[in-house]
Amino acid sequence: MAVYVDKELCKSCSICVNACPRQVFKITEHVNKKGYNYVEAEKEEDCISCGICESICPDFVIHIEKTEN
Amino acid sequence: MADIKINPRRKYLRPEKLPHFFCSGCGCGQVLNYYTQALEELDMDPEKMVHIGGVGCTARIPVYIKTDMLHGVHGRTLAWATGIKMMKPDLPVVIFAGDGDLVSIGGNHMIQAARRNLDVTVVMVDNMNFAMTGGQVAPTTPEESVTMTTPYGSAEPRFDTCRLAIAAGATHVERWTTADRVQCKDAMKRALQHKGFSLIEIVSQCPTHYGRYALGTGDPQKVIDWIKDHTYKLTTADSISEEEKSGKLPCGEFYRVSRPIYQGTTVMSGKEDK
Ligand SMILES: Cc1ncc(C[n+]2csc(CCOP(=O)(O)OP(=O)(O)O)c2C)c(N)n1
Ligand code: SF4
Ligand code: SF4
Numbered sequence: 001m002a003v004y005v006d007k008e009l010c011k012s013c014s015i016c017v018n019a020c021p022r023q024v025f026k027i028t029e030h031v032n033k034k035g036y037n038y039v040e041a042e043k044e045e046d047c048i049s050c051g052i053c054e055s056i057c058p059d060f061v062i063h064i065e066k067t068e069n
Numbered sequence: 070m071a072d073i074k075i076n077p078r079r080k081y082l083r084p085e086k087l088p089h090f091f092c093s094g095c096g097c098g099q100v101l102n103y104y105t106q107a108l109e110e111l112d113m114d115p116e117k118m119v120h121i122g123g124v125g126c127t128a129r130i131p132v133y134i135k136t137d138m139l140h141g142v143h144g145r146t147l148a149w150a151t152g153i154k155m156m157k158p159d160l161p162v163v164i165f166a167g168d169g170d171l172v173s174i175g176g177n178h179m180i181q182a183a184r185r186n187l188d189v190t191v192v193m194v195d196n197m198n199f200a201m202t203g204g205q206v207a208p209t210t211p212e213e214s215v216t217m218t219t220p221y222g223s224a225e226p227r228f229d230t231c232r233l234a235i236a237a238g239a240t241h242v243e244r245w246t247t248a249d250r251v252q253c254k255d256a257m258k259r260a261l262q263h264k265g266f267s268l269i270e271i272v273s274q275c276p277t278h279y280g281r282y283a284l285g286t287g288d289p290q291k292v293i294d295w296i297k298d299h300t301y302k303l304t305t306a307d308s309i310s311e312e313e314k315s316g317k318l319p320c321g322e323f324y325r326v327s328r329p330i331y332q333g334t335t336v337m338s339g340k341e342d343k
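Heads up: the protein sequence lines correspond to chains Y and Z, in order. Position 7, counted from 1, in the first sequence is what our numbering calls 7; the numbers after and before it change by one each time, with no gaps. Position 91, counted from 1, in the second sequence is what our numbering calls 160; the numbers after and before it change by one each time, with no gaps.
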């Protein structure tokens with residue numbers, strides 16, 4: 001399992017931060033080329049691969065890679 | 070850093086156009102996301118379809134899709150769609166229109182196309198105002214809302230676009246909100262498979278204008294929460310009192326029936342030939 005964030009597309013809206021049931025995401029202090037504080041999967045290890053963030057992000061920033069088991 | 074893997078639905082989008090122009094947290098981006106999920110689940114190729122946007126923020130959705138696309142005549146999406154359908158009846162046509170585009174300047178096109186049961190999918194992003202031009206009042210703005218052009222609150226009742234479409238003759242009509250990610254995707258899938266006029270209304274957050282003017286917040290999540298508080302689901306309607314429902318929009322699958330689709334006049338469709 002891995003959480004990928006394409007930081008250059010993030011607009012810092014926090015929709016994923018609010019939607020994640022495990023509080024995986026955090027808006028960082030870092031700024032991307034468009035001037036937005038982008039998110040990071042700060043607690044990636046807590047991710048349960050529900051995929052909510054990937055399906056609701058308005059900017060197609062996130063991808064959750066699920067591992068079969 | 071390891072290479073990042075991107076959202077697989079980005080295969081439907083034009084890479085050179087990203088990031089898109091929608092504001093931070095705008096519902097238009099979410100609708101585009103749900104739509105690509107619908108395309109993927111139906112295994113439909115947008116390059117074999119036509120997407121049409123009128124004018125406005127919502128109308129820019131097709132601009133980001135790898136598809137043949139028409140964009141830029143306010144309210145006239147259905148006029149274009151009618152022409153395309155007369156010449157290429159089997160070509161799937163999907164329209165993304167704002168509430169202003171579809172029921173204000175384009176209102177007559179909408180009701181006539183619904184009456185004829187033109188075989189198209191219309192996704193109306195209802196952000197409750199004219200957003201691109203700065204947040205003016207629209208026919209879909211809730212009563213008493215402060216907007217750029219109604220500084221003392223709108224005195225007009227709003228359209229229920231879904232009821233209007235059903236009355237006009239549409240054969241598939243649903244309303245959801247951007248908070249209903251699975252329902253939006255499933256509704257668009259049903260629309261893409263429906264033969265006839267489908268209208269999917271998605272009540273959506275415009276944090277930049279409706280949020281700031283009417284709700285006093287530019288926080289997308291607060292606008293989403295407000296929309297959730299001001300809508301209810303048909304499935305739970307029985308357990309909600311009439312008082313609680315007042316001023317709120319119902320959401321759900323309202324109507325899906327089968328009726329002959331519009332194929333032009335007998336002369337145009339060449340029915341008498343042969
Ligand atoms: C014929 C014509 N009239 C007016 C305009 C100006 N105009 C551009 S965008 C827009 C508002 C669109 O609002 P809506 O359809 O609700 O879409 P939104 O931006 O809210 O997504 C208007 C009035 C125009 N471009 N063309
Ligand atoms: S939902 Fe998308 S754009 Fe918004 S903060 Fe999260 S990753 Fe960034
Ligand atoms: S003005 Fe409103 S509708 Fe237009 S992109 Fe910004 S948030 Fe979205």
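Just so you know, these hints were derived from the structure itself, not from any lab. Among the clues, some could well be false.
[As the list claims (entries may be wrong)] Simulated coverage check for chain Z against chain Y, where a stretch passes if three residues somewhere in it have a Cβ under 8 Å from a Cβ of chain Y:
1. 76-84
2. 87-101
[Said to hold, decoys possible] Between beta-carbon pairs, the in silico distance windows are:
3. Z:141 <-> Y:44: 34 to 44 Å
4. Y:21 <-> Z:299: 21 to 31 Å
5. Z:137 <-> Y:31: 29 to 39 Å
6. Z:327 <-> Y:23: 40 to 50 Å
7. Z:80 <-> Y:18: 32 to 42 Å
Because the structure is a prediction, the values reported are computed rather than measured. All residues carry an ideal CB built from backbone N, CA and C; glycine is no exception.
Outcome of the hint check:
no.	hint	result
1	76-84	holds (count 5)
2	87-101	holds (count 13)
3	Z:141 <-> Y:44: 34 to 44 Å	holds, 42 Å
4	Y:21 <-> Z:299: 21 to 31 Å	holds, 24 Å
5	Z:137 <-> Y:31: 29 to 39 Å	holds, 37 Å
6	Z:327 <-> Y:23: 40 to 50 Å	holds, 47 Å
7	Z:80 <-> Y:18: 32 to 42 Å	violated, 28 Å
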